[in-house]
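Visitor: Here is how the chains run, residue by residue.
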Amino acid sequence: MSLTQPGSGGSTLVTAFDAARSELEADALRGAGGRAALERYADRVDAMLRQLFSDASGSDVPVAVIALGGYGRRHLCLQSDIDLLVLFEREIGKAEERFLRGFLNPLWDLGVVVGHQVRELNDFERLETNNAEFLLALLDARPVAGLRSLFDRFRTLFHTAATHAYILKSLLELIDQRHAAFNATLYQLEPDVKEAPGALRDLTATRTIAMLTDPLLLRRGPADPARVDQAEDFLLRVRSTLHLDAGRNQNVLSHDMQERTADLLGYPGAEPRQRVERLMSDYFRHARIVTRALDWARKSAPLPVGPNLGLSRDGIRFLDPILAARNPATWIGAFQAAIDHHTEVSEEALSCVQQHVDRYRADDFFPEADDRVALLRLLTPRAGLYERLSEMHDCGLLGRVFPEFQAISWRVVRDFYHKYTVDEHTLLTIRNLERISTTTAPERVRYRNVLTAVAEPELVVLALLLHDVGKWRDDDHAVESERMAVDVLGRLQLRGDARDTVLFLIRHHLRMSLVAFRRDTEDPEIVKNFAAFIGTEERLKMLCLMTLVDVEAVSPETLTPWKEELLWRLYVDTYNHLTQRYGDELIERNQAGLDELLKQHPDDLSVAEITRFLEGLPQRYLQLFAREAIYRHVRLARDIHPDEVHLSLERSGAAIWTLAVATLDKPYLFSNICGVLSSFGMNIIRGHALTNPNGLVLDVFQFTDDERFLELNPEAHQQVLQVLERVVSGQADVTNLLRGREQGVLHARSASRFAPVVRADNEASGRYTIVDIVASNAIGLLYRISRVISRQGCDVDLVLIATEGEKAIDVFHITKGGSKLTEAEQQALTSDLLRTLEGSL
Amino acid sequence: MKLIKCIIRPNKVDEVKDALAKLNIAGMTVTEVRGHGKQKGHTAIYRGKEYNVSLLPKMEIEVVVADNMADDVVKAVVQAARTGEIGDGRVFVLPVLESYRIRTGEKES
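Quick mapping for you: the protein sequence lines, in order, are chains Y and W. If you count the first sequence from 1, position 652 lands on 652 in this note's numbering, and the numbers rise without skipping. Numbers in this note's numbering are just positions in the second sequence, counted from 1, shifted up by 841.
The hints are simulated quantities; they were obtained by calculation from the structure and are not laboratory data. If a hint is listed, it holds; no wrong ones were tucked in.
Output of the computed footprint for chain W on chain Y, the stretches with three or more beta carbons under 8 angstroms from beta carbons of chain W:
#1 511-522
#2 770-779
To give a feel for the contact side, a few chain Y residues facing chain W, derived at Cβ under 7 angstroms:
#3 THR560
#4 TRP562
#5 VAL572
#6 VAL757
#7 ARG759
Given the structure is predicted, the values throughout are model-derived calculations rather than measurements. Beta carbons are placed, not taken as given, at the ideal position from N, Cα and C, and that holds for glycine.
Turn these sequences into a full structure, and let the hints steer you where they fit.
Guide: Next comes the structure, spelled out in structure tokens:
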């Protein structure tokens, strides 16, 4: 279609467009070119475009024409560009190009300035970050012609939390830049009614901020929204007079134009000067209203911090409370966001939760695996956790997420020493743990270090949350709490070992205080029994912290420095027992857990084979490994011959690999294995090396593969195992493999590292010299340590490897020629170790 | 009257209290204290580092009894608190010059 063709629809179009313009010009001339006039004009342009759309030859691909920017808002001024998005459902071809020409050419012929963008729907699947103005214009998108459903699909793709957050950030930057160009003042003698501070762009920006963050924001602002609307109408009326006179998109209210505009807008006054003054004083009044509204919006707008969550001055809010009410799975996120941003959950969000919480069951709050992970993450002890859990409790959420907790709400137990209701006592234990996480009090730092060393501190909080739920009944509450916790942990689908640990902590939460305060902990037998009961250092750390905060939450007077000291001593003695004395306690026929292990054996293993394998291993072995792992080890040790090495390498967590090695003991064995792992860049974080009297060695290492060698290379798995076999059997030398890697380690040493600690002890164990080593963790550290031990002619019999952040904590049980080391040999070894550690770290 | 002051192991408090109850002694003061005698503390080691434990946690029990009860009380305490190891504690017997009941202000004999 062309306008030059007489008798076609073209002349109708010209006529229609002229009529629309004339009407707006007449409005402007009467000083009435405000919002209503502009909307009428926009509607007429809409009709024109719809006509053009239906006249243009058809597109095979579904298409929609969408108004953007000011035109999208229906504020189309006389000389404004008509901003359009022509959106196709998919890739376009010849027919669509023909359609575009048919649709756009007549507009150009009319002399209309069209700002058009042609896009395919999937262009909006990714956020375009190079054109913030275009994204802003898209916020005003309004369907004009074509397929409505296509427009709806565009909206769904475009309006995401991430896009909104990006646009908001860009908009705030654009405002600052624009204001800077006007020296950041609205009091301009010749203001630009579109761009100046307080003018139309600021007004739109104010509404955009509200739209992106909190639609009700402006209603809470200092200015009546009606006054903002009046300011807008005024600015638009002024702008219409400017466009009318200039005949182009001219928005500066210059001195010349001020007289003309004052006349058109009908300001009274005998002298032009008086009329101009009245106009300008109105202008500044309106501009000030706009500026205040924008300032308010900028200050008060919630910052998007998660799905449907905003951070505002009164805390975390649901951006859309109606949506939030329907999605209980997003509620935990509000409390998480509050902790992350060191704020609270807003009263409004809390009432929203309170109002709707009774409609949902526990599972509704964590339906997906990600939600369950998020719930556990919420329980990480750190500043703000107690406050947030208390808020959750007050608004009824905690008791819905954990109905078991509801049973102890406001529960009073009269026992003459507890000072608070059971629920508050429980929350206070968590507050105490949270305080330990940040304490700098000298007598408390030791406990903070224990907390830092716990791999999953959220499990301690989970155990604390549930440790007294059994108090809804009057009898033995620890047993009842454990019974109730089984259901909770089942719903959370906690991993088996984590579940066992939490249940252990709940069931035995009174045990450590009983032993520490009521038993003679100077009696080695008491410590030995407690160590056997607790099993591992990790559980010891967790129960110790739990005991401390539980006693402290009974009343302000209950935990005295005296009790703290008793608890600490039991902790240290038990820790030492677990790490240093376990080598003396070998598996016995009647040991707990052994019966079950033997009875439930898989078909391919006989009782005799398992018994033979366990013979001479420390009792601790049964506590360290789950049944399935033990059966795997038995298989690994089967039919082993000198110079053979049996290996298994598997992934045991998102970032953790486990290597199990069974072989017969030989010199440098342990250091060779460590060396091979280090040569592949593996970072050993935990491990156990065990030897039995027949010379069978079982080494189990857990390591992280920080360079993702195993993950990214399909051959890597096999390669690591082959190199291990060759090195352990003596066919390859690990020193050569490590050369390049060690250079790297030396270069990478950091200034923040601390002095290593090495201590040899002949007292702790009846059979071994114990060497405790605490040093900065580094790749190859274990290799270097164990090489020194072998170089000194010592045999590595048992090893415990642990890392706590930057620190490596290794305990070696060693002998020389089958006996403990002499004083001189200890001296030689420790100084050699210190030289190596200090020289290379 | 005598003030009998017993420094004992923390885990022996219940046994000592029971022993005193058998002698019909109801009033007592129990305090958590720290100190050392001949035992002089010891060196504890945690993760290869030594730290000195010079003051050990103990419990102090104080009772005031009639002069003629003092010997029995001391015997009962010693019997209940003894383990035979270093660090079992001490019992001190002190004369009490006067004693007043605060509620009534009356002097006790």
